[in-house]
Amino acid sequence: MTPVIIATLVVLWQLVLVGYTYTLAGNAADEAVRAATAADRGARQGACQEAGRDKLPGAWEGGAEVSCDTAGGFVTADVRIEVPILFPGTVSFPFTVHGHAGAVEEETD
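Counting the sequence shown from 1 gives a position; this note's numbering is that position plus 191.
Do not take every clue at face value.
Label-pair restraints from in silico Cβ distances [what the hints assert, rightly or not]: (1) Val202 - Glu296: 23 to 31 Å; (2) Glu241 - Gln205: 27 to 35 Å; (3) Phe286 - Asp245: 20 to 28 Å; (4) Met192 - Ile276: 22 to 30 Å; (5) Ala294 - Ile197: 13 to 21 Å; (6) Glu241 - Leu206: 43 to 51 Å; (7) Glu296 - Val201: 41 to 49 Å; (8) Glu256 - Ile276: 14 to 22 Å; (9) Gly293 - Pro194: 24 to 32 Å; (10) Glu256 - Gly233: 16 to 24 Å; (11) Leu277 - Thr214: 31 to 39 Å; (12) Trp204 - Gly253: 19 to 27 Å; (13) Glu297 - Tyr213: 22 to 30 Å; (14) Ser258 - Phe278: 35 to 43 Å.
Hint data in this document are derived by calculation from the structure and do not stem from the laboratory. Just so you know, even glycine gets a beta-carbon here, dropped at the ideal spot from N, CA and C.
All chains, please: the whole structure from these sequences, using the hints.
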């Protein structure tokens, strides 16, 4: 019975890591788009990437990809984060979690 309990706990822990990675990706996308809308057009990509990676824990930050795009006064941010296997910061699954956010570009007076 002990191996079944241990296997169940391992599967549940992995599901927690997947869910937490989704949460991190969504939050990073929100932060990135918020910073990008407030930045000048020339500095938008740098502000986006910096803000998107800022709140990520170190174990998730290494495999994260952050990008922003502007079209028609609307700014979008996309974040892709690799899902760790059992122990964050070691090995990751070969698939990534995607976070997406958008906001209207701020006007300057």
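Comparing the hints with the structure gives:
A beta carbon spacing of about 44 Å between Val202 and Glu296 contradicts the range 23 to 31 Å that was offered as a hint. For the hinted restraint 27 to 35 Å between Glu241 and Gln205, the CB-CB distance of approximately 30 Å keeps it satisfied. Hint check: Phe286 to Asp245, Cβ distance near 24 Å, so the stated range 20 to 28 Å holds. Roughly 25 Å separates the CB atoms of Met192 and Ile276, a value that falls within the hinted 22 to 30 Å.
The hinted window of 13 to 21 Å between Ala294 and Ile197 is violated, with their beta carbons roughly 45 Å apart. Checked against the hint of 43 to 51 Å, the C-beta distance between Glu241 and Leu206 comes to roughly 31 Å, which is inconsistent with it. Hint check: Glu296 to Val201, Cβ distance near 45 Å, so the stated range 41 to 49 Å holds. A C-beta distance of roughly 19 Å is found between Glu256 and Ile276, which places it inside the suggested range of 14 to 22 Å.
Gly293 and Pro194 have their C-beta atoms about 47 Å apart, which leaves the hinted 24 to 32 Å range violated. Glu256 and Gly233 have their C-beta atoms about 21 Å apart, which keeps the hinted 16 to 24 Å range intact. Look at Leu277 against Thr214: about 18 Å separates their beta carbons, and that is not inside 31 to 39 Å. Hint check: Trp204 to Gly253, Cβ distance near 21 Å, so the stated range 19 to 27 Å holds.
Checking the proposed 22 to 30 Å range against Glu297 and Tyr213 shows it holds: the Cβ atoms sit about 28 Å from each other. Under the hint 35 to 43 Å, the C-beta atoms of Ser258 and Phe278, about 28 Å apart, miss the expected range.
In this structure, the earlier hints numbered 1, 5, 6, 9, 11, 14 are contradicted, and the remaining ones agree with it.
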